[in-house]
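K.L.:
Listed here are the chains, written in short residue letters.
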Amino acid sequence: MTTWTTVDEVASMIPDGSALALIRDGCGVAMSATRALIRRGVRDLRLVNVPTGGIQTDLLIGAGCVAELETSGVSLGEYGPAGRFAQAVTSGTLTLKEATCPAIHAGLQAAEKGAPFLPLRGVLGSDILRFRPDWRVINNPLNDAAEDPVVVIPAITPDIALFHCAMADDAGNVWVGRERDLITMAHAARQTLVTVERRYPGNLFDDAALAAGTLSSFYVTAVAPAAEGCKPLGFTGHYGEDEDALRAYAKASRRDAEFATYLAAYATAPAAV
Amino acid sequence: MTTWTTVDEVASMIPDGSALALIRDGCGVAMSATRALIRRGVRDLRLVNVPTGGIQTDLLIGAGCVAELETSGVSLGEYGPAGRFAQAVTSGTLTLKEATCPAIHAGLQAAEKGAPFLPLRGVLGSDILRFRPDWRVINNPLNDAAEDPVVVIPAITPDIALFHCAMADDAGNVWVGRERDLITMAHAARQTLVTVERRYPGNLFDDAALAAGTLSSFYVTAVAPAAEGCKPLGFTGHYGEDEDALRAYAKASRRDAEFATYLAAYATAPAAV
Amino acid sequence: MTNFNRHELLIATMARLLIGTRHIAVGVSSPIPASAALLTRHQSNGATRVSILGDPSNTFWSDGGKELFDCAAQGRIDAFFFSGGQIDGAGNINLVGIGDYPRSTVRFGGSYGSAFLYYMIPRIILFRPDHDPRVLVPKVDFISAAGTSPPGVWRRGGPYALVTGKAVFHFDSNEGRFTLQSVHPGETLPDIQATTGFAFDVAPDLSETESPDATTLSLIRGSVGREIAATYPKFARESLGIAA
Amino acid sequence: MTNFNRHELLIATMARLLIGTRHIAVGVSSPIPASAALLTRHQSNGATRVSILGDPSNTFWSDGGKELFDCAAQGRIDAFFFSGGQIDGAGNINLVGIGDYPRSTVRFGGSYGSAFLYYMIPRIILFRPDHDPRVLVPKVDFISAAGTSPPGVWRRGGPYALVTGKAVFHFDSNEGRFTLQSVHPGETLPDIQATTGFAFDVAPDLSETESPDATTLSLIRGSVGREIAATYPKFARESLGIAA
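Chains as they are written, first to last, in my numbering: chain X, 1 to 273; chain W, 1001 to 1273; chain U, 2001 to 2244; chain B, 3001 to 3244.
A hint or two may mislead.
[What the hints assert, rightly or not] Partial pick of chain W residues on the chain X-facing surface, computed with a CB cut under 8 Å: (1) 1145; (2) 1210; (3) 1212.
[What the hints assert, rightly or not] Derived DSS-like pairs (lysine-lysine); straight-line CA-CA distance at most 27 Å: (4) U:2139 x W:1097; (5) X:231 x X:251; (6) U:2139 x W:1251; (7) W:1231 x W:1251; (8) W:1231 x U:2234; (9) B:3234 x X:251; (10) W:1097 x W:1251; (11) X:97 x B:3139; (12) X:231 x B:3139; (13) X:251 x X:97.
Note that these hints are calculated values from the structure, not bench results.
Every residue gets a Cβ at the ideal spot worked out from N, C-alpha and C, and that includes glycine.
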């Protein structure tokens, strides 16, 4: 069912306005595809960070591609604050759905299970609740004896999950390894688009060891090759991050003018990081 | 944290009265350990089938080890009905918690997530609900507009999860491969006991492919070697079932006297299937 | 007219009920439904995906046994099969036991996933090769899964048809009743009426169940037979004439 | 008296707060907490397990990022560390921003897992090397995670201590207040009072923060330093004198 295609084709399969689920740094952030998305001028994305964001989210915000963001946190890690995110939030140009990591996992797992919601302990007393009218507090229905409030998190059903993996086979089965959040994302999302470091010859399900970390092509709409597809971020077990590029990005992200320059260089130079 | 030990020691670590989670046929049923449990004369087990049972559950019931059973179904597959199970249910000697497969998965996942319950679509209108006062029906708290009943399943927290896997390493990390239900069981249970076909030299987490299907020793109390530990059941990808032995068991399970003979031969011959 | 056996008729008949599905899942111990699903896949030129539980070459699960249920809940399974120790005229199925639960006099295996999948999968085909009034009862003794739900209950799936060794019934979820659609060659309406324990409607265009044509039969006895032999060698040999 | 630097003092101090824990988890970008956890592991002869996010050699996760939260929810994590853009005297932490949310004037990263882990993990150590009244405020502008919960709210965890560059506070979850327990060598109570924006109690046995002894320092500069260098080479080099 999966189509093998190109990174630009993958980008073209993400319509304006899509609810797009993106994985956290280090676990397969599809940066090549993100640059292709910006080149194609995507607009009004509703991003869902799984469960946090970094340069990918910041860059999409800065490039004007994002209408709404659900996140538990956005930062450039040791490179400092995510400047475009902070700018967009403080200037009020971004609709922000403030969350906490396990709530996003719970929302995706609810969608995965076809459940309307999942309950989540904790959170009570957090101001996050005040700004998430879609989250509700109920009394634990199993506790007849006592007050026992519990938060319920609605299912999150992204239109599209986009991520990067080590490899996919001819049939479009994708090896995610230990990054099981990618499987949850693919189950929860209506469609899944994947870029990969390389094509695996044969069928991943034929190898019992690899099968254990494989997402079936059944869930995957399209796959595209993208060597070093996470750069300038690192990809755990494959390559480290490009520290100079990330430092340069962090600096550019802090000011409108510098970011505009970065983006122009970036958008007109497809191979640039 | 994991102890390497023997099958008999594993059996001795399951106290009378334990809530014991057991996996369905083909996915790693610890039959060697089950025979050791019967030999040691365990009593009053509260079994949780994940989500169904076969010869293992039937045998434990027939041997008088079981006080209570939560299950979605027990059968010997193509060998026919599970005779001891049927006998115990129709004679009323077994407390039965009737369930449906995804409810057991949901209950274990609730425990895994520290959630008091998980909601489950469907089930409404089934008589299962009438006999499960611990399951409740609430109105979907996210649906303000309309009646929208949904069943909520309480968390299932077994005392012990017991299963069989292909291999464990020196540190007690266990390779479960595609059988992810085993991971859910281990997360949900207070303790996990595992038998394995063989010992893996080295550390499973050092191999990226194997790591993807590995349950950390962090969750595992003890591991014991048990070659062909699922026999007479098969173990997917390793060996097929012993058809003659299963046919003989199915026949014996149907009548008290025949089963007593089977059990005597069985309990006094540790190596027998 | 080509000769065919009853199994081949059932396979071809169920495959007709599966036309247009994107993904069919088949449970364990179900050689005839699995053959029908594989026939559908061939007839669709591969557009229909088939997952056969217990057959590693025809499953893609890598997230444990829960993946089947999650997959159905996501709306990614269009068709499935259930049997039933009892099936009643309202589409209720009983996989639990005969008699007054919990003091059943006969105990079946249990409800398995029916209490969930029956609500999640649009085309559930009920399949009982033996057409017996003790199975097709006025009212089941225990409802493992309900044939219909009242308004306000979220539901995507349910019974679609009932195929027996004698006939094909369609299910109307609004009426909560079966309609006899066709009787298999050699069967008669009075006999169906005598051996069906529940009341049912009769289609105005009641017909004989369509016989499989030569192309279909050669598929069943060829590609489908060879594929099903991997999981059900005895069935393939004895029912479809596939050499081991 | 042995010489030691401020980082070494903080590592030894936090390790004392971790005595008796079975499993400590440490978030990303946290070299000092990670060092304290590793020191605790050494001092416990390995009885304390340490998981360091982002360090594959010190993590056992194989179920995605959700495993950390599930693990905490199962009661299998005893200690964790949080910082806070703001921390108030009631133990509330703010990781979201300064000003009137949602129109924050300064935006931090976000609440991350705090709104869950703060309720699930018994010993949360709040750690801010800079002891600043703009951080230690009377009331946070946004509660990412609440320091205490009213009766009836299920809660297993919460703030246990606050360690800054100047002092150690313990947290009393019944009172919902911090108590100054010790001041680091060279710091004074009046200075702590002047630089802490919230009201706090002072322990009757207020003391100077215990200096690390020679054994502890050699562990920090030896095994712990070499282990932490795998994830934080710069920190190990500059703060603990570990050659690259």
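K.L.:
Against this structure, judge whether each hint is valid.
P.N.:
Hint by hint, here is what the structure shows:
1. Among the interface hints, the one on residue 1145 (chain W) is violated; its C-beta lies about 13 Å from the nearest C-beta in chain X, farther than the 8 Å criterion.
2. The beta carbon of residue 1210 (chain W) is positioned within 8 Å of a beta carbon in chain X (closest approach about 5 Å), and the interface hint is therefore held.
3. Taking 8 Å as the C-beta contact cut-off toward chain X, the hint placing residue 1212 (chain W) at the interface holds, the least distance being around 3 Å.
4. Pair hint residue 2139 (chain U) plus residue 1097 (chain W) holds up; C-alpha atoms about 23 Å apart against a cutoff of 27 Å.
5. For a cut-off of 27 Å, the pair hint linking residue 231 (chain X) to residue 251 (chain X) stands: about 17 Å separates their Cα positions.
6. Straight-line distance between C-alpha atoms of residue 2139 (chain U) and residue 1251 (chain W) comes to about 32 Å, which puts the hinted pair past the 27 Å bound.
7. Taken as a hint, the residue 1231 (chain W) and residue 1251 (chain W) pair is honoured in the structure, with Cα atoms around 17 Å apart against an allowance of 27 Å.
8. Only pairs whose Cα atoms come within 27 Å are accepted, and residue 1231 (chain W) paired with residue 2234 (chain U) is accepted, the gap being roughly 22 Å.
9. This hinted pair checks out: residue 3234 (chain B) and residue 251 (chain X) have alpha carbons roughly 21 Å apart, not beyond 27 Å.
10. Simply put, residue 1097 (chain W) and residue 1251 (chain W) have alpha-carbon atoms about 26 Å apart, close enough for the 27 Å limit, and the pair holds.
11. A hinted pair counts as satisfied when its Cα atoms are at most 27 Å apart, and residue 97 (chain X) with residue 3139 (chain B) qualifies at roughly 23 Å.
12. Annotation: proposed proximity of residue 231 (chain X) to residue 3139 (chain B) is violated, straight-line Cα distance about 41 Å (limit 27 Å).
13. Straight-line distance between C-alpha atoms of residue 251 (chain X) and residue 97 (chain X) comes to about 26 Å, which keeps the hinted pair within the 27 Å bound.
The structure is inconsistent with the numbered hints 1, 6, 12, although it conforms to all the rest.
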